[in-house]
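A.B. asks: This is what each chain is made of:
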Amino acid sequence: MIVARRETWVARGLLIALMAVTIVPFVSLFTTALHESGTYPDGISWPSDPHWENFLDAFRVAHMGELLWSSTLIVLGVVPVSLLIGTMAGFAIGHLRMWGSRLLFLLFVLGLTLPFEGIITPLYYQMRDFGLLNTRWAIILPLIGLFMPFAVFWMRAHFVNMPDELSEAARMDGANTWQLFWRIHVPLALPAISSLAILLFLWTWNQFLLAIVLVDDPAKRTMAGALGAFQGQWGTDMPLLCAGSLLILTPTLILFVVFQRRFVAALLQGSLKG
Amino acid sequence: MLGRVRTRWRPAMLTIAALAGSVAVVACGGPGSSSSETSSSTQSSTTASAQAPTCGTEPVTLRAYFETGFPLAGALAEEFSKQFPNVEWDIREDQFAVLTQNAPRVLADDPPDLMRLPQVSELVKDGLLKNLDGYAKAFGWDQWPASQLSQMRLGEGGRPRGEGSLYAMGLNFSMTGIFYNKELAEKIGMTEPPQTLAELDELLAKAKAAGIVPIQQFNGGATGGLAFPLQNLMAAYGPPGPINDWIFQKPGATIDTPTNLKAAEHLAEWIEKGYFVKDANAIDYAKMMSRFIDGEGLLIFDGDWESGTLDKQMPGKAGFFLMPPAEEGGARAAMSAPLTYGIAERAENADCAAFFLNWVATDETARRITVEVGGSHPMGPADAYMPPVKEGSVTAATLAAGATIAEDNGAMDFIANATGSIYAKGWTPNLQKMVAGEQTPKGLLETVQRQYESELED
Amino acid sequence: MAGSVRDAIVDLTEARPEASARRRARSARRSAGLRTPAWVGWLFVAPALLVYLVFVLRPLVATFEYSLYRWNGIGPSTWVGLDNYREVFTDPELLKTITNAFELIVFFSVIPVLLGLAIASVIRRIATSRLALVGRTVLFLPQVIPLVAAGIAWSWMLADDGFVNQVLRWVGLDGAARAWLGDFSTALPAVGAIGAWVLLGLVTLLLLSGMSKIDPVLYEAARMDGAGPLREFFHVTLPSLRQEIGVCVTVTVIAALASFDIVYVSTQGGPGNATMVPGLEIYYQAFSERRIGVASALAVVLMVLVLAFVLPIQWLTRRGER
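Read top to bottom, the protein sequences are chains G, Y and W. Following my numbering, the numbering of the first sequence begins with 1 at its first residue and continues without gaps. Following my numbering, the numbering of the second sequence begins with 275 at its first residue and continues without gaps. Following my numbering, the numbering of the third sequence begins with 733 at its first residue and continues without gaps.
Don't read these hints as lab results, they were simulated from the structure. Certain hints may be false.
[Claimed, not checked] Pair ranges (Cβ atoms, derived):
(1) G:Trp69 - W:Thr869: 23 to 31 Å
(2) Y:Lys524 - G:Phe59: 46 to 54 Å
(3) G:Thr135 - Y:Glu712: 39 to 47 Å
(4) Y:Ser728 - G:Pro191: 55 to 63 Å
(5) G:Trp69 - Y:Glu546: 54 to 62 Å
(6) Y:Asp568 - G:Pro251: 31 to 39 Å
(7) W:Val842 - G:Leu255: 52 to 60 Å
(8) Y:Thr678 - W:Leu827: 45 to 53 Å
(9) G:Arg60 - W:Pro824: 44 to 52 Å
(10) G:Arg60 - Y:Gln587: 17 to 25 Å
[Claimed, not checked] SDA-like, lysine to any residue: derived pairs with alpha carbons at most 20 Å apart:
(11) Y:Lys552 - W:Asp915
(12) W:Lys828 - Y:Thr721
(13) Y:Lys456 - Y:Ala542
(14) W:Lys828 - Y:Ser695
(15) W:Lys945 - G:Pro50
(16) Y:Lys411 - Y:Glu437
All C-beta atoms, glycine included, are put in the ideal place defined by N, C-alpha and C.
Here chain G stands alone, though its shape is the one from the complex (with noise of 0.2 Å):
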């Protein structure tokens, strides 16, 4: 391919700009947390005595133990279950196609643009009726329901390719459906799976409107939610929230430098295939 030399430049340049940008707040986050606890530093700028205790006093004040053990939790009932029966429904959609599953498609579908907005307030009068407000339980039962139509797009994406006489050289072996399913067509479809997981995941901790409506303490919400309450009661002391948004945001940017390439193939495809 004839690239001319100073486009690559160009582009360099370019691209370097753009990550600074993206960067910036993340600097100011954490010049503006080393201030003194109570002030407002002007623009960023490096403290003259950086106050590290600060990121101390925001893991204690917030109760990050709890928070983190909260998110936790809250993304162990949503992922493995929206899981299982996301690719359960994607397999019979995709695969088995039986009477009557464009139309259960076609249902699912209904449901990919819908914003959140749109139900929620008669989820906090259902929640409110089952008796589940103000539990992990009403943030984790919604989000499974509303992560359907994406599960079972996804998946039935993946089943959709499976060739036919796969299975029918399993069932002439004498396998039953399940067997089908979970010993056949899962493994295969585990990198679908995992990049579905990630996304899942995602979308789990950093849910926001699901969390402050249905949840009063912050420590049975997720970290996003918990973030909205902290700024609630601490959002007058800059540096204190700027120390305590740092350190909300921390696990995820771990996972994400760790397992990035996941990540990003997963934040890709999952927008194209959405």
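Since the structure of chain G is provided, determine the placement of chains Y and W on it from the hints.
C.D. replies: Just chains Y and W, lined up with the frame of chain G:
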């Protein structure tokens, strides 16, 4: 292609039919139960025993929802736990705007025992707050000066205020006015507080000329702090009675009166002359305090809940005076109201919460904390213990002002508290527009009055 | 929609040439089925269907229902027919939320996509370099953090003494410095800028990955015809990116219309009504003002709006694909 269309549409039609069917089924009756949620709110709160309730000896956890940035409630809670070790606190805090937003929902579905509630009319109408008459009788609150409790009394259905059953209590009653920076005041030659509105105008002009920010007032976010100077001006131009009537939702009350119009125009003048800090619409309460404490700004319109903080962080450098009247020698008025707290109708530990409220007003240490940390006058009997206050401190000034206001009978509630959302939907957006030059004084009063009337209709 | 979606999935899979063969085989086999009785298939779908029905479809229907009543969430409700909808379309405050959402589409959607196209086409040349690999990780950061965190970080940067004004003052543009989120005229664009920051990285990378799928032979051919970079862009790059552009626009438009997190944490809809968006207004109407009927009507209008944008976009960018 046509064949595909037909088969593609069939599932769609089936789906629509199914959904329509379920709508029909569900729609056979509107949402909402007609009874169980709201118990009768006129029921008295204590049972047959005339004995005053206590927190008992069993471990109790009091759930409270307080306002961020006001250390008084937390300090009192701590002291209470020291004196009554079986009581633990589970305190949640949020900023003013979020607190008011969350109030209806939280009281109905996740009721705390004690909650900071700036505005209670709608909550009483919906039966969400406990009627405190029983406690008032048991603890003897109705023996206190009547004016202390009148603002927290509401009639049937939440209107009007000023009379009826007691639905909220205060930890103290606040006094508002103008705090000034003594050092900056010296620079412009202010030797004593202005005695008339005209003198105040002069001071502001001098400050502006000297390059000092005359009024560092917050007006940003969800809280339009210009309501304070506006109401002070209203009281400077006219009597406080009609203003209180409007706040108390007395039938026929209006905020759009000739004297209030003069007040709003005076405020607009101040805005035009640049007396308010340039980014008023962007700063919130905490920012204003932070700047004033740092010495940026001659005056702020605020209340004595900050006296304690100011005495600690700007000792000797802050002063206080009441808003001067328009005419020389006129009566003074100021916003003076309890910072109100309510007990949820379905609170688990209502008795203990009521006991706490009584303790705050009667216990010596509690009263001391109220004055030192809260900077204002505790509730309670007229002859109750008053801790000594340092001479020349801001706290002393605000407490003394209380006596003046009591004499002139000039206590008003806050116009922000007229209805549940008059502040968020009426005053704040329109005051912000006025600062931005997009709203006129007449328009301000008319729009707010319209909003007020439509809320009362609902 | 199902048909085009299925086609799209087929096209997205790796083994493109075999797709048509597979499709033929599949349709032949459909009548024979996999010899699985239908009820087994339904059993597999049942759990997902159940959760979906209970926690999504039932509330969805309930939203429609609530929108026809006047209810405060506690007591009984009264039937008001279409009054709530009338209010949504005549109350200037409520209408403003909708126009604000449209304005946000410009910032969340139009700007990132245009910028993304420009940037990606320039970066394309170094798409495999090490810098680009690092770039990919960095550009995804805004998508990984909660929107709330982005809102908090940017609220601080856009404050009167925040970084943005710091830079403006550095370069001598003192006059332009202001409290961006507190000023009536700049608040909504400022919120838009936050959204643009969140979405730009994703959009650029999506377009970049689409560009890298374009056969280089097409570019060689264009060069040989004497086309410069601009002609190359419009005649080769753009047409091949149709689907990716469709996805970018869909994702960003939905983000704009349904925005909640960012506005909640940065301006709460203020100053005045300047940044109020439908999502936030629904929340206030339902949970703070206790006007469930109006909130639900607005929610229905929002959902219809989303479909009104997304369906044409999908149809435009998926139609005519193999």
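A.B. asks: Each hint should be assessed against the structure and marked as holding or not.
C.D. replies: Right, here's what the structure says about each hint:
Against the hinted window of 23 to 31 Å, the Cβ-Cβ separation of Trp69 of chain G and Thr869 of chain W comes to about 28 Å, which satisfies the hint. Between Lys524 of chain Y and Phe59 of chain G the beta carbons are some 51 Å apart, a value that agrees with the proposed interval 46 to 54 Å. Between Thr135 of chain G and Glu712 of chain Y the C-beta distance comes to about 46 Å, which sits within the given range of 39 to 47 Å. The hinted window of 55 to 63 Å between Ser728 of chain Y and Pro191 of chain G holds, with their beta carbons roughly 58 Å apart.
For the pair Trp69 of chain G and Glu546 of chain Y, the beta carbons lie near 55 Å from each other, so the given range of 54 to 62 Å is met. Under the hint 31 to 39 Å, the C-beta atoms of Asp568 of chain Y and Pro251 of chain G, about 36 Å apart, fit the expected range. Checked against the hint of 52 to 60 Å, the C-beta distance between Val842 of chain W and Leu255 of chain G comes to roughly 32 Å, which is inconsistent with it. Distance hint check: the CB atoms of Thr678 of chain Y and Leu827 of chain W are about 49 Å apart, consistent with the given range 45 to 53 Å.
The hinted window of 44 to 52 Å between Arg60 of chain G and Pro824 of chain W holds, with their beta carbons roughly 47 Å apart. Separation of Arg60 of chain G from Gln587 of chain Y is about 24 Å and conforms to the stated range, judged on CB atoms against 17 to 25 Å. Between the alpha carbons of Lys552 of chain Y and Asp915 of chain W the distance comes to roughly 11 Å, so the proposed pair stays at or under 20 Å and holds. Taken as a hint, the Lys828 of chain W and Thr721 of chain Y pair is honoured in the structure, with Cα atoms around 17 Å apart against an allowance of 20 Å.
The suggested pairing of Lys456 of chain Y with Ala542 of chain Y is violated, with an alpha-carbon distance near 26 Å, which exceeds 20 Å. A distance of roughly 19 Å separates the Cα atoms of Lys828 of chain W and Ser695 of chain Y; the hinted pair therefore holds under the 20 Å criterion. Taken as a hint, the Lys945 of chain W and Pro50 of chain G pair is broken in the structure, with Cα atoms around 48 Å apart against an allowance of 20 Å. Among the hinted pairs, Lys411 of chain Y with Glu437 of chain Y is consistent with the structure: their alpha-carbon atoms are about 16 Å apart, no more than 20 Å.
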